[in-house]
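Asker: Read top to bottom, the protein sequences are chains A and B. Under the working numbering, the first sequence has 153 at position 153, and the numbering climbs by one with no breaks. Count along the second sequence starting at 1, add 1000, and that's the number in the working numbering.
The set of hints was computed from the structure by calculation and includes no laboratory data. Note that the Cβ used here is the ideal one computed from N, Cα and C, for glycine as well. Among these hints, one or two may not hold up.
[Stated by the list, open to error] Taking CB as the label site, the calculated pair distances span:
#1 A:159 - B:1062: 40 to 46 angstroms
#2 B:1058 - A:7: 21 to 27 angstroms
#3 A:135 - B:1135: 37 to 43 angstroms
#4 B:1038 - A:128: 33 to 39 angstroms
[Stated by the list, open to error] Once the Cα atoms are required to be at most 20 angstroms apart in a straight line, the calculated SDA-like pairs of lysine to any residue come out as:
#5 A:30 - B:1035
#6 A:104 - A:73
#7 B:1035 - A:3
#8 B:1130 - A:157
#9 B:1025 - B:1012
#10 B:1027 - B:1016
#11 A:30 - B:1058
#12 A:105 - A:94
#13 B:1021 - B:1011
#14 A:5 - B:1039
#15 A:37 - B:1088
#16 A:61 - B:1019
#17 A:159 - A:75
#18 A:5 - B:1129
#19 A:104 - B:1037
#20 B:1035 - A:39
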Amino acid sequence: MTTLKRYWFFFILLLGLFLVAWMNQAIAMKTVQLTSKSILDMLFLLPPVFVLVGLLDQWVKKETLIRFMGGKSSIYGVFFTLLLASVAAGPLYIAFPIAVLLLKKGASVRYIVFFLGAWSTVKLPVLVYEFTSFGSKFTLIHICFGLVFYYFTGILFEKIYGQQKLLKHDITKET
Amino acid sequence: MINAIVLYSIATIYLGVSFIKDKHKTKVALWSSWKMFRNVLPDLLAIMLFVGLALSLLTPSLISSFIGGNSGLLGILYSTIIGSIALVPSFIVFPLGHTLVQNGAGLPQVAVFMSTLMSVGLATLSMEQKTFGRSFAYARNISAIIMSLLFALIIWVVMT
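Sequences and hints are given; from them, build the entire structure.
Answerer: What follows is the structure in structure tokens.
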């Protein structure tokens, strides 16, 4: 029953889909097509990411990560975080479990915010599309402004949220 | 496709190395991966269905008519709202934006639309809350909206 309860939002949406199907079959068909495609994409991308996160959790020592992304890592931390975020593929929600793991291993809040920001702004595989569709000026403004903005947001957030405060919600634990 | 191949290769290699070095650790790692997966699955399924519904109801030509080149601030507002709600795979975002511009949408409006699509997620908010807590999740999304608006403003000033 508890498992079923966690799917309540999904079932409500499913109900919505039936409602749409009743009114307009073409739109409902398109929805089913789009949804099944993105679910397949997700089932395809997510397992290796989670396996890597699980392995990282077991093997990477806290001290090592603190050196790279801890409070005293300064400019090194910026580059390391940027590298981590920009080679990654996939939507932002994949970054959440990764961010939590980094946090658990001692990364400072500043770099976590920067990591999430960079993930949603700079991604090397996607950069090609942005460049070809919108040109170099647009792309450069987007990247430079985004990174500077999220770096300062990170500094601000670090003052507000402590590491421990964010770690109360550990998704690797049973809920 | 290339992404997936690279990801799977990396994961397989590390998994192999880990298994040779320490079977027990590898088992624990895989078990925690599985728990993570099981924890996010209900949210993800709902998100996918939500996005599927949103994308089939809102076609590119319909969106373009809301956020045309002359739509100004109201257009910015519309694209912020649509972009914050919807969630599309990142490699689709820019081709989609390109289609919108070709359909007559304004560049700053499309800029804020694409930026919020990638960084703001109302659909994923419940999942983000479970991960980082409510306050942080809201603050992060609000900061992403501010970033997108400022970005659109810069584009407006510099490129139109």
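Asker: So, for every hint listed, does it hold in this structure?
Answerer: Checked hints:
1. A:159 - B:1062: 40 to 46 angstroms: Given range 40 to 46 angstroms: holds, Cβ gap about 43 angstroms.
2. B:1058 - A:7: 21 to 27 angstroms: Check passed, 25 angstroms falls within 21 to 27 angstroms.
3. A:135 - B:1135: 37 to 43 angstroms: holds (38 angstroms)
4. B:1038 - A:128: 33 to 39 angstroms: Given a distance of about 34 angstroms, which is inside 33 to 39 angstroms, the answer is holds.
5. A:30 - B:1035: Given pair residue 30 of chain A, residue 1035 of chain B is violated - Cα atoms ~32 angstroms apart, limit 20 angstroms.
6. A:104 - A:73: holds (16 angstroms)
7. B:1035 - A:3: holds (13 angstroms)
8. B:1130 - A:157: Roughly 18 angstroms between the alpha carbons, so the hint for residue 1130 of chain B and residue 157 of chain A holds.
9. B:1025 - B:1012: holds (15 angstroms)
10. B:1027 - B:1016: holds (12 angstroms)
11. A:30 - B:1058: Holds: residue 30 of chain A and residue 1058 of chain B sit about 11 angstroms apart, inside 20 angstroms.
12. A:105 - A:94: Holds, because 18 angstroms separates the two Cα atoms, which is no more than 20 angstroms.
13. B:1021 - B:1011: holds (15 angstroms)
14. A:5 - B:1039: Cα-Cα ~13 angstroms, so holds.
15. A:37 - B:1088: Given pair residue 37 of chain A, residue 1088 of chain B holds - Cα atoms ~12 angstroms apart, limit 20 angstroms.
16. A:61 - B:1019: holds (18 angstroms)
17. A:159 - A:75: holds (19 angstroms)
18. A:5 - B:1129: Cα-Cα ~18 angstroms, so holds.
19. A:104 - B:1037: Judged against 20 angstroms, a Cα distance of about 18 angstroms means the pair holds.
20. B:1035 - A:39: holds (19 angstroms)
The structure fails hint 5 only (numbered hints given earlier).
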